[in-house]
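Colleague: Single-letter residue listing:
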Amino acid sequence: MPIHNILTHTGEWMKGEGPHQKIVVSSRVRLARNLRGFSFPGWAKRSERISILETVKPRVEELPEMAESFNVYSQDLSALEKQVLVERHLISREHAAKGVGSAVVMNKKQTLSIMINEEDHLRMQSIRAGLQLKNVFKMIDKADSGLEERLDFAFHPKLGYLTACPTNVGTGMRASAMVHLPALVLSEQINQVIQAVNKIGLAVRGLYGEGTEALGNLFQVSNQITLGEREEEIIERLNKVILSIIGHERNARQMLLQKRSNTLFDHIGRGYGILRNAYSISSKEGLNLLSFMKLGIDLNFFPEAWRQVIDELVMQTQPAHLQKGSQAKLAAEERDAVRARIIRERLVDFPRPDLDAARGSAAAGQDDA
Amino acid sequence: MAVAIWRQIESAHMICDVCKQNQATVFLTQIVEGKMQKVNLCESCSKEKGVTDPTGFALADLLLGLGAAQEIERSGGTTKCPTCGFSQADFKKTGRLGCAACYDTFAEPLEQLLKGMHKGSEHVGKVPSRLMRSMERESHLKDLHRDLRKAVADENYESAAQIRDRIRTLENGH
Numbered sequence: 001m002p003i004h005n006i007l008t009h010t011g012e013w014m015k016g017e018g019p020h021q022k023i024v025v026s027s028r029v030r031l032a033r034n035l036r037g038f039s040f041p042g043w044a045k046r047s048e049r050i051s052i053l054e055t056v057k058p059r060v061e062e063l064p065e066m067a068e069s070f071n072v073y074s075q076d077l078s079a080l081e082k083q084v085l086v087e088r089h090l091i092s093r094e095h096a097a098k099g100v101g102s103a104v105v106m107n108k109k110q111t112l113s114i115m116i117n118e119e120d121h122l123r124m125q126s127i128r129a130g131l132q133l134k135n136v137f138k139m140i141d142k143a144d145s146g147l148e149e150r151l152d153f154a155f156h157p158k159l160g161y162l163t164a165c166p167t168n169v170g171t172g173m174r175a176s177a178m179v180h181l182p183a184l185v186l187s188e189q190i191n192q193v194i195q196a197v198n199k200i201g202l203a204v205r206g207l208y209g210e211g212t213e214a215l216g217n218l219f220q221v222s223n224q225i226t227l228g229e230r231e232e233e234i235i236e237r238l239n240k241v242i243l244s245i246i247g248h249e250r251n252a253r254q255m256l257l258q259k260r261s262n263t264l265f266d267h268i269g270r271g272y273g274i275l276r277n278a279y280s281i282s283s284k285e286g287l288n289l290l291s292f293m294k295l296g297i298d299l300n301f302f303p304e305a306w307r308q309v310i311d312e313l314v315m316q317t318q319p320a321h322l323q324k325g326s327q328a329k330l331a332a333e334e335r336d337a338v339r340a341r342i343i344r345e346r347l348v349d350f351p352r353p354d355l356d357a358a359r360g361s362a363a364a365g366q367d368d369a
Numbered sequence: 370m371a372v373a374i375w376r377q378i379e380s381a382h383m384i385c386d387v388c389k390q391n392q393a394t395v396f397l398t399q400i401v402e403g404k405m406q407k408v409n410l411c412e413s414c415s416k417e418k419g420v421t422d423p424t425g426f427a428l429a430d431l432l433l434g435l436g437a438a439q440e441i442e443r444s445g446g447t448t449k450c451p452t453c454g455f456s457q458a459d460f461k462k463t464g465r466l467g468c469a470a471c472y473d474t475f476a477e478p479l480e481q482l483l484k485g486m487h488k489g490s491e492h493v494g495k496v497p498s499r500l501m502r503s504m505e506r507e508s509h510l511k512d513l514h515r516d517l518r519k520a521v522a523d524e525n526y527e528s529a530a531q532i533r534d535r536i537r538t539l540e541n542g543h
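Residue numbers (my numbering), protein chains in the order written: chain A, 1 to 369; chain B, 370 to 543.
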């Protein structure tokens, strides 16, 4: 499959079909694996990395899950193409920096991607929309079991799967959910939630890591511990925590509607006004304002039919996606202008916020997130 | 238990902990089991270390990597991994190990580190099924050899012959 197909078609997880999809954007599980008898990629010489790659890549492509796959050597991707894959969470930023000796293989649906010679020989991940950590884990676990029949993984009887960084040793697993929490941010409860989650050994990070006030009100919640706990236990614990966060966000939304409706209306109204009329929007501003449009749809300010447009805009206005269509590399200022134009054009028929509908759903306490 | 928080401050007068040259603009705070550790980085080092990684996974690794390096340094010595030649200084620099055998080479300092970072120091999760099968076979063989010795000691030769045949089948069968 050519790269063109991957870049022009968005993956399954971005279409937003999944349990609790209003608050949970995506669920992701990655496993780190290494081959026995080779140095880890960061320490291996170039020739060793190439020989690892040539050992692993055909085995990965043989997996039944990869029947219709896209695979590419890192040196054959342009910086922009790599960045598009990073923005879609299909490869890591670390992997995007790699050249000769690394590759990525992903399935057509873009739900499964296997990076070869990232920090570990194999970094495989599955990603799906909404909260479905168990399904996502099953999917990657199956791929892993398929691979270990064909490859000798470095496994220590006491320490489990051995990884380049001791933070991943054991299960080699990092499970995470990306959650959209605008009401907890707006009502200034987010820090309490983050602290509580941290206390039980889970990490909370922003989408692009700008401290606690994350970009676009998006947060990633993930496990930290990989040694001393079974995979299923880790997934179960994370799942429970995410369900509890969903509950807090829903309560915060109802509180805003009932007690601070003017603040809420103001944020949604301003976002609506700026997105429809601005001629320059930075990536950060775009994400933050689109977050309020998404909240507006969740709370019936805007019709449900617009959800997909808003979700697509979140991805389309990321720097690399924005430049994908244009021939030349754009300067930041030009990007902001292009971003504003795309948003204006796509939102030209976007209806004004319907405050009565939102009030109605508040009265009914209706929020089926 | 590690908690990572970071924030960017425009005007600060601190020097980067990594390059020791540029002004630090990214401040990381790590809390491991109630103990706070701070790392200050300049723009370029933070990028190089993947602190701005949108996948967010690199940050804790970086922090724990630095903590880990200090731990290893404290434990002293200049051991090099006999398999890959990786040294403690390399670990201090990168926060990563060189190969699977490093886990045995640096077993002692790593044990303390892993305890602080994880829940205990023993893996209880998935085991590769091929390895599981061979481990089961080995443990079965061990049992059979023990039974064989006992049968011989008891002069129960009929039983010993049967056990010997089973051992042969198992050893040749795989």
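It should be emphasised that the hints constitute simulated quantities derived from the structure, not laboratory data. All values derive from a computational prediction rather than experimental measurement. Incorrect hints may have been included.
Said to hold, decoys possible - Now the in silico label distances, taken between C-beta atoms and shown as ranges:
id : chain 1 : residue 1 : chain 2 : residue 2 : range
1  : A       : Glu-68    : B       : Ile-536   : 24 to 34 Å
2  : B       : Thr-447   : A       : Glu-68    : 47 to 57 Å
3  : A       : Lys-240   : B       : Val-493   : 13 to 23 Å
4  : B       : Lys-462   : A       : Leu-80    : 48 to 58 Å
5  : A       : Ala-328   : B       : Val-493   : 25 to 35 Å
6  : B       : Gln-481   : A       : Ala-305   : 28 to 38 Å
7  : B       : Ala-458   : A       : Ala-332   : 50 to 60 Å
In this text, a Cβ means the ideal position worked out from N, Cα and C, and glycines have one as well.
Colleague: None of the hints should be skipped; say for each whether it holds.
Modeller: Results for each hint:
{"no.": "1", "hint": "Glu-68(A) - Ile-536(B): 24 to 34 Å", "result": "violated (47 Å)"}
{"no.": "2", "hint": "Thr-447(B) - Glu-68(A): 47 to 57 Å", "result": "holds (51 Å)"}
{"no.": "3", "hint": "Lys-240(A) - Val-493(B): 13 to 23 Å", "result": "holds (19 Å)"}
{"no.": "4", "hint": "Lys-462(B) - Leu-80(A): 48 to 58 Å", "result": "violated (31 Å)"}
{"no.": "5", "hint": "Ala-328(A) - Val-493(B): 25 to 35 Å", "result": "violated (54 Å)"}
{"no.": "6", "hint": "Gln-481(B) - Ala-305(A): 28 to 38 Å", "result": "violated (57 Å)"}
{"no.": "7", "hint": "Ala-458(B) - Ala-332(A): 50 to 60 Å", "result": "violated (40 Å)"}
Against the hints set out earlier in the document, violations occur for numbers 1, 4, 5, 6 and 7.
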